[in-house]
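Based on the provided sequences and hints, a complete structural model is requested.
Chains A, B and C are the protein sequences, given in the same order.
If you read the first sequence in the numbering used here, its first letter stands for residue 1, the second for the next number, and so on.
If you read the second sequence in the numbering used here, its first letter stands for residue 433, the second for the next number, and so on.
If you read the third sequence in the numbering used here, its first letter stands for residue 911, the second for the next number, and so on.
By construction, these hints were calculated from the structure, which means they are not laboratory data.
A few of these clues could be false.
Distance condition first, Cα-Cα at most 27 Å in a straight line; then the derived DSSO-like pairs of lysine-lysine [to be verified]:
#, chain 1, residue 1, chain 2, residue 2
1, A, Lys378, B, Lys534
2, A, Lys175, A, Lys209
3, B, Lys693, C, Lys1181
4, A, Lys175, B, Lys834
5, A, Lys394, A, Lys36
6, A, Lys209, A, Lys89
7, A, Lys209, B, Lys834
8, A, Lys93, A, Lys209
Quick caveat, the model's predicted, so the values are computed rather than measured.
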Amino acid sequence: MNATIEQLAATLETALGSGSVTADASALASYNVDGKSPAIFCAPKDQDEVSAALRLCVEARAGVIPWGGGTAIRLGNIPRQADVILELKRLNKLIEHDDANLTASAQAGIKVVELQQILGQQRQFLPVEPPRPDLATIGGTAAANINGPRRMLYGGVRDLVIGMKVVLADGQQIKAGGKVVKNVAGYDMCKLFVGSLGTLGVITEVTFKMAPIPESAATLVATGPLSRGLQLVDQLMQSTLLPAAVAVVSAEATGVDSVRPAVAVRAEGFEDAVARHLRQAQELAGRMGLRAEVLREETHRSLWEQIRDFGSSGEAVAYRVTVPVASLADVVETIDRWSRSERAARFVAHAGSGTVWIASAADPAGAAWFPRLTALAKEQRGHAVMVAAPPEFKQGVDVWGAPPESLSIMREIKRQFDPHAILNPGRFIAGL
Amino acid sequence: MSRDVLIRELRQIVGDRYVLTEKEDVIVYEQDASILQVMPEVVVLPADVGQVSAVVRAARRANVPIVPRGSGTGLAGGAVPAEGGIVLCLARMNRILEIDLKNRVAVVEPGVINIDVTKAVTKQGFFYAPDPSSQAACSIGGNVANNSGGPHTLAYGVTTNHVLAVEAVLDDGQAVWLGGRVADSPGYDLCGLFVGSEGTMGIVTKAAVRLMRTREAVQTLLAVFDRMEPATQTVVDITAAGIIPAALEMMDQLTIEAVEKGKPVGYPRDAAAVLLIELEGVREHTERAARLAEEICSRNGARQVRRAQSEAERQLLWKGRKEAFGALGALAPNYYVQDGVVPRSRLPEIMREVAEIGSRYRLRIANVFHAGDGNLHPNILFDMRVPGELDRVIEAGAAIVKACVAAGGSLTGEHGIGLEKKAYIGLLFNDDDLEAMARMRRAFDPDGRFNPAKVFPTPITCAEMRRQPAKIPAGLWI
Amino acid sequence: MINIPELDQCVHCGLCLNQCPTYRVLQLEPESPRGRIHLVRAVTEGRIEANERFAEHIHLCLMCRACESACPSGVRYGRIAEAARAVVGPPGSPLARALEGFVFTRLLPSPLMLRAVARLLRLYQRSGLQSMSRAFLPARLYEMTAMLPPLPDRFFTPQDEPLPARGERRAHVAMLGGCVMSLLFADINEATVRVLRRNGCDVLIPKAQGCCGALNIHNGETTMAKVMARRNIDAFLDCGAEAVIVNAAGCGAAMKEYGHLLRDDPVYAEKAARFARLVKDASEFLAALGPVAPRGRIEMTVTYQDPCHLAHGQRVRAQPRALLTAVPGLRLIEMEGSDRCCGSAGIYNLTHPEMSQELLREKMVSIATTSAEAVVAPNPGCMLQLGYGASRYGPPLPVFHLMELLDRAYGGEAPPSI
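Following this line, the structure appears as structure tokens:
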């Protein structure tokens, strides 16, 4: 930084008003980032104020941590510099819900649960399900690319975001995409910001595609030996069924079963189609010798909430391994083997995207998971990410794994958008 | 480096046969499926990624622009070499390199024809979802460059939703994979950025595309309307009812006339509009969705709702739609197609406005479009040889584009900005927005070597590049 | 008169590209229909010369018209290409051009001279000269003669007496003998006559007929072609037949275009248009008439090659297949790209042997993949080319004309009495 904390706090206060800025350490105690405590907190009320704040921060060369609901703040490398928390909670308005067009635009700081309530009034919903939607914000979900279990039917964040407003590091306010579902005017800049973890700009508004709330939804849960459960998944994937989600959960990962692993198959849509999915999945499960049970209403909802929130609340360490879908069974079996023979961990695997979430305790043995998962993922041409861990686990490793061959382009993009590296400095891959 | 030296180098790289310099050869590369023309200096057709790299390096040494070209089916002049230089045609790189059905991925070269990807996996029960109307001709490389759509993108998404990774030769001649074959590759989404960049960031040399499982059942409906208004209202109502068809297409009376005049498929010629509604999924879903869609059509006063009873009938209904653009040649010597998008909720009013623009400029406009996406394709029919007509066409086109943007939409849903619409991009994005895009461009291609003068607004107008009215010397043809 | 309205119909969409055999092989736009149309347009606009290079592009085209099947705007590419060929003249070296000139303007128009040449050829084949000639003929010329099948003992001769229908009389038709068909495939012409008669047709084969002129037209020679067209119109138009039956796809396609060829002829324009409407491919006619069910079994698996000028030129695809599959015991297996040119294309296999052989090799691979026992191709050019392909590249299977198989299924020369 080339200004003192006091100087920066003062200029920010002038720009944003005294109520929006504080340098009081006690107020900042809950805004810890990988063991670093920023000295200034500011909460701009609109995009112009975000822009003003960033302009001041770039002048001061202050490290800025954009903050939504804080649910994904553990994702990323330890920041090189963390001076200012830029909280977006005050940008919490729904801008537009065009229900006939199945699109909605909202400010970045709106909580996912609030947005879903508003959309629900028109029998629509945002098919993105971050953990802890009571805390998570739309902007944070987009920036951290948090995908939910139903991705295999509805697509991921990158598929559903069609427009954005963003403030770049130097305060420049830009718009990307638009409000229509199909749009190839100019570069697809939304892709740049989805998943960039706030290292290129601060998202202030997001436009999403919506989905109609299905007429019916239910889940088939099949419990039994893991290998048979994985066979069931394989059969489902080969069939012409179109489940909304297929998850493999280890014992204790959810409240389903404390002893045996389970496969959860979620179907939604027209009543007849849901019935067909349940029937066929049940039949397949029976053939595999699995014990199958249909969940509806509350039990159905609660299961998927547990799956959604897995690894996010109170977990000490969480990893994510992503591999080609056909390799998922091998990876899950290996993880399960390790978990039973060496270091205990629980997991949830999403069959549609080839993603396995692993949660373990924060003891030294837990740290040993990362190199092993990284090697396992690499073997299968995938990757492993340390999603959440105490700072000491992150020392000396890149939580994102080895950089891709295109790293030089990524560096150049970072240099173009944030030349002074003030946005989440060092948190992204290879210290970007 | 002199031109001769460059050409000698190029010949050494790809062989004599695939470096074209004679006027009677290169002239055919002056145009794509748009009406814009600029003559390339040289056309090169490499056979593999190594040759592409070498060509890019040679062009860099000679300080010459490179314009990538696939099958030349683009409608926005994207493959027209606006500033001359090398046209790098990727048609020869047309191998399907890998098909991995277990992981639902195919790795293909850029010159592979879109429909050939689906053909390669049909028997095994898979398909490649983006299906532009030109799918029998357009290449995957071109689809990547333009983020192409198609009728079935309503349910399945456009090209960017189906490309997992691309290998691209960048400005230094290096081939680099962008993106990854599994989900959520750490780092910036370079593949997502590259798709739709219209050849301005590098040359695609391979693409890993997603294959989808063929749906168990399909229902195709043809709804016939005596007026346009209820047809557009039906589109709004179907979406609002929570049915997401695989495709929801509209053709107006003039388009029907063109199709039936060319290769008839049995659309009623006196209808004001027909809707083609396709529903895919498990049997129980399509059955119910088709019934609902039929109800909505009838409620809006459809004269007739016909359900295809066989695969042959379904193919026939689609054939008319797929060939509609080309069929317009039967109505007028030239057409100029717009590609504006509006929120679906604004369809009824925008269609009124398009009709009004047609009569204001005294031009016939045939509409055939992806109604479910709100993606219009007003085709302005004209004759280039009629003095002054082209100018009116351009003005009418601009009026349509402006109306779409004013309705909260976009300039282009799937054809791209190219040369054609770059003067209009300012309607949608201000200088700051465009400057951010320019930063992206600089990160990939600091010298602006790839496909210069595209996408971004520049002072050059398209008027200079439009094809001149035919000058036919007397006595030449019997 | 300068008018190629077809040029303006092309909207440059590119849907023809991958249907074009030469584009598929070379992937070069100037060797595609859209490219060639662009070139012709550029010549008409005075932007390029109709020079040697232009002529090469125009001549590399097979004139298979697959692009017309693909074209959604209904561009009549064949007409554009024929007009362009009329400007640049026939392909090849000066010597070849002179030879072609002789063939087009002297040999083909004269049935007598054709017959004389055929007799000489037959003598050459039978005297043992052919087998000896390998030693002294240049390789290409030898290959050319080797492509010919053995010439039959007797040629097919037109006669003015109608041959009566067998069984119930359902139609009165006239038939084109055709130059190549009459000389090389006389037996197929005879088979065609028997099939027609068996289907209740009186068949007339007017003596005054001659070669249809297709080769002339395709190579841009229109002066003599018009003479030949007028002769055939005179021979057929007023003979009282309901249809003029053709069993050679190339001839049929050309004759259906007589109206276009003679559109500016003050005397013949109307007659030509009327004549063109009478022309029917044998399969097209039989399918429309409703064929008598054949009773003879042919236990055979065949694959069907669409002659370009039948599928693309005349849009006749379903009828031959329907007739084939109606034969008891006969199984049809479709090959990949059955409507892609085999590379014969009139005299193309002589003028462009390299491209022609490339296409033939691919074709034989497609045929082999079906594991059919025989190929059916109702056109003499295709039959010669595929026969050559079978012996040169394999698989070594026989090539039949559709009418041969039908005739066999109907009982052949000595059918059981009805």
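Going through the hints against the structure:
1. For the hint linking lysine 378 of chain A to lysine 534 of chain B, the alpha-carbon distance of about 18 Å falls within 27 Å, and the restraint holds.
2. Between lysine 175 of chain A and lysine 209 of chain A, the direct Cα distance comes to roughly 17 Å. Compliance with the 27 Å bound is thereby established for this hinted pair.
3. Restraint check for lysine 693 of chain B and lysine 1181 of chain C: the C-alpha separation of about 26 Å stays at or below 27 Å, so the hint holds.
4. For the suggested pair lysine 175 of chain A and lysine 834 of chain B, the alpha carbons sit about 18 Å apart, so the restraint of at most 27 Å is met.
5. For the hint pairing lysine 394 of chain A with lysine 36 of chain A, the CA-to-CA distance comes to about 13 Å; that is within 27 Å, so the pair holds.
6. Distance check on the hinted pair: lysine 209 of chain A and lysine 89 of chain A sit about 22 Å apart at the alpha-carbon level, within 27 Å; holds.
7. Of the pairs offered as hints, the one joining lysine 209 of chain A and lysine 834 of chain B holds, with about 24 Å between alpha carbons and a cut-off of 27 Å not exceeded.
8. For the hint linking lysine 93 of chain A to lysine 209 of chain A, the alpha-carbon distance of about 17 Å falls within 27 Å, and the restraint holds.
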